[in-house]
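Engineer: Each chain, written out:
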Amino acid sequence: MTSRRLVLTRTAAIVGAASTGLLLPQIARAQGNKVRVGLMLPYTGTFAQLGVAIENGIHMAIDEKGGKLGGREIEWFKVDDESEPAKGVENANKLVQRDKVDVLIGTVHSGVQMGIQKVVRDSGTLCIIPNAGVHAATRALCAPNVFRTSFTNSQPTLALGKVMVDKGHKKAVWITWKYAAGDEAFEGFRDSYTKAGGTIIKELGLPFPNVEFQALLTEIASLRPDAVACFFAGGGAAKFIKDYAAAGLKGKIPLYGSGFLTEGVLDAAGPAADGIITTMHYSDSLDTPRNKQFRLAYAKTFRSQPDVYAVQGYDSGQLLLQGAAAVKGDLNNKQALYKAMESAVIDSPRGRWTMSKSHNPVQDIYLRVVENKENKVIGIAAKALADSGAGCKMG
Amino acid sequence: MDLANFLIQLLNSVQYGLLLFMLAAGLTLIFGIMGVVNLAHGSFYMLGAYLAWSVSSMTGSFTLAIILGAVLSIVFGLALERLLFRHFYDRDHLSQVLLTFGLIYIFEEVRSILWGDDVHGVKIPDILSASLPLTDNLSYPVYRLFMSGVCIALAIGLYLLISKTRLGMKIRAGAFNRDMAEALGVNIKLIHAIVFAMGVALATVAGMIASPVSSVYPNMGSQVLIISFVVVVIGGIGSVRGALIAALLVGLVDTFGKVLLPQLAGMLIYMLMAAVLLWKPEGLFRQ
Amino acid sequence: MKANLETLPRALQAVVALGLFALAVFPLFGTDFYAQMVARMMILAIFAMSLDLLLGVTGLVSLGHAAFFGLAGYALAFLTPAGEAVSLWWTLPLAAAAAGLAALIIGFFVVRTHGIYFIMVTMAFAQMVFFLFFDNKVLGGSDGIYVNFKPSAGLFDLDNKLVFYYFTLAMLLLVYAFLRRVLFSPFGRVLAGIRINEHRMRAIGYSTFGYKLAAFSLAGALAGLAGYLWAAQSGFVNPELMGFQMSAHAMMMVILGGMGNFAGAIIGAFAFEYLLEWFKDLPAIGAVHLGKHWQLWMGLFIVLVVVFAPRGLLGLAERRPRKATSDD
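Protein chains in written order, with my numbering: chain A, 1 to 395; chain B, 396 to 682; chain C, 683 to 1010.
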């Protein structure tokens, strides 16, 4: 008897507390003089490391310039998007509607990005994309308030085709996962490779995130191409590299790829990765004073080595700084803000780059080869490469 | 597809199938003998892989990692059974599903706290790192043959254990009729603990053995979980023989499906399972 | 199967009524964001109730229920053209009916299995549907599709967040009332009988296959209703809405709240979602950011619930049942 009453009163108490809990936050949001910056990144799950790197880069950029945006203090808001597309819209709304951020920086996963894109297009909130390469964000779904500081999925592979043909590999097999990012990476490869005179003898795909490559590696061997081009990332990339070598294809059929094949996985892949040629808008080993300075500072501050994601985060910070400076911190002055960001020149560790008309970086794509667990830069595969921005209608 | 290609793909199918068997064996054991649905199976696999990585990178020896890992996993399995699972044998499947789902969350987070979220590689011991040439441009990694060998040894070992030893007899008795076995003097509590620990150890060791080939990364358990369940269900719950046949079948369908029907490749295994269950609603070799 | 509460003790009914009142007046005090959040919880509650029909009433443990939730959402996305809104009045029933039809077709294959096999084969079909949408660009592919405009309702404007909230609340109450009617109808009694002892029902002469299939299809249609609302609210559908994770979450909501009487499903949905938010928003203590490790707290909570509250939250508050009959 007493236990039941106890439970009932407790339930009532919980319900009461819960409702006040729900009501409370909206009482306290006074609009101070701080700029509200919202970070929507993966803090858990497969891409957690990328989220951390991006955030580190953002903080580093802003702290370097005094920790303020256009003279105003910053109030940070964070949401873990868990790389879960089903929650993309609701998580973005947490920042845009609940926390009323002035700018939303996010995210890594393209499926989640689609959710963010919907919310920021509807609300007009300034949004900076520090990684997700989904084409639509700066093509069909572009918007004046959306800027990307990373890449489109096809940019790295757009620079790959000609390189392969120049090296005499005129017949290639393409392999990737069958999902949006893989399809978009293929688009870049197909366009550049066929334009340069190459023939794609077969396009292989396996379901995402399947990592049993044996069947398709056997298929590649029987097709006897001059070279193989691919797009894989993360754990799957490490496995592909190792399986490729273990199947004896390494050395017999040269392997090329979008740079993500060899990003963050070289420790795991080991010597199997030596000789793989990739194209990407950055490389850890880029031998420029700017990059060296950046890497030193990052390592000192965060006690770990930066990667392309940290650079993209850093550049997001720089872009925001430039925009805020141009409007002296008044982020509501949208016209001037957007204009400043559109015409920004970013002095990035990857090299200087500018914004394309559809708000995507126009940047150099480097040619890299793996040597001893490092992506050594051996040249520039494409200078000032811009994404087509096809279908983007702004303003 | 010419004959050589076909044969090699067949080899790929068998090798993949054997690996799946190693993954599914632990699941079908726990499932079949004790009636416990264990969704955390994939997490054990992942823990095994991370264990293999950290021990082998600390000590430099892969063999030591496997031995140590096997021992640790048996201890872990015993502890888990004693503390948690023991109280769930009589509960309905739903509670078990919920319990193990909660465990998945916990294991993922613990893994993240202990080992971080990076991608890691485990080095194959040098004696096993060669490749056997099959054709002029394709070789077969010796390590995969080694894995297949381990799986076959495992299959034989399990078979002998379950059908030829006293322990196996008791296990089968306990699975068939628990109360009767207990009345006849079989220490059911101990049997259950042993079987559970074996199941956990099988999953963990599978993760360790496969780690050089699969790499070690977050969320690697969830992919393994679903396919293990598919194998177990196709084979018939509780049947180790069924799990072996089902695993080989799934290996065949997956391998040839990727090459011949890439558009449907993602769905093929599930279509296979649905087809089998429509024909034999309790799996191929129901107990 | 234990833990099925069909009626609530008086005192608890009062608490539930209080909660309902709170829901009704809530948006008048909160901001738009919270109205949206609670509306989303209500949509999930409808989804959970539809699963409860299967789980708690009929005893069918379906791990693939989200397939129907997602299918209806996609139906709305496909039906909505790029430039204008569609009418709510024919798209809602159509989407729900489509989901129900899919459930009928899948159910025809699936309902003939039992026990754990049923669980697995429902999961398999859901995975198939997931991959169908994930792998094929023509269906939207892995990045999903937008619902460009919220459906228009003519008489009222769904773009207004408050209006949408009350519409969802109305749907929630309608579905609840409907399901309660079903529960105590002859049809519902047969379903309960099937859950308790299917062989006996067959022996008496009921075609259990037909009844189970009907329940499966009805539950699918109701899940579709929830999915439609979800798509309308968020404006974005993706394959993950049909996935295993979504189904598992719904299952946890139903079990958490207490199975069998639909109020439990509603409570479970709210409690689960709210708890998830609460865990994620935990502050940092020193160097340890508690909120970051929300998965750990969530996992521990789930384990605690299963061990100590096998009949869910409602079960905790219920009077201890008399000695179990042989049917349990």
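Quick caveat, the hints were computed from the structure, so don't treat them as lab data.
Fair warning: there could be bad hints in the mix.
Listed next, with one range per pair, are the computed distances between beta-carbon atoms [as the list claims (entries may be wrong)]:
(1) Pro520/B with Gly197/A: 44 to 50 angstroms
(2) Arg863/C with Pro676/B: 51 to 57 angstroms
(3) Leu986/C with Ile378/A: 22 to 28 angstroms
(4) Lys373/A with Phe711/C: 56 to 62 angstroms
(5) Lys518/B with Ile378/A: 25 to 31 angstroms
(6) Ser867/C with Pro676/B: 25 to 31 angstroms
(7) Gly455/B with Ile378/A: 55 to 61 angstroms
Quick reminder that beta carbons are idealized off the backbone N, C-alpha and C, glycines included.
Engineer: Could you run down the list of hints and mark each one as holding or not?
Structural biologist: Verification of the supplied hints:
1. Pro520/B with Gly197/A: 44 to 50 angstroms: holds (45 angstroms)
2. Arg863/C with Pro676/B: 51 to 57 angstroms: Because 33 angstroms falls outside the window, the suggested range is violated.
3. Leu986/C with Ile378/A: 22 to 28 angstroms: violated (57 angstroms)
4. Lys373/A with Phe711/C: 56 to 62 angstroms: holds (58 angstroms)
5. Lys518/B with Ile378/A: 25 to 31 angstroms: holds (27 angstroms)
6. Ser867/C with Pro676/B: 25 to 31 angstroms: The hinted range 25 to 31 angstroms holds for Ser867/C and Pro676/B, with Cβ atoms some 29 angstroms apart.
7. Gly455/B with Ile378/A: 55 to 61 angstroms: violated (33 angstroms)
This entry does not satisfy hints 2, 3 and 7, going by the numbered hints stated previously.
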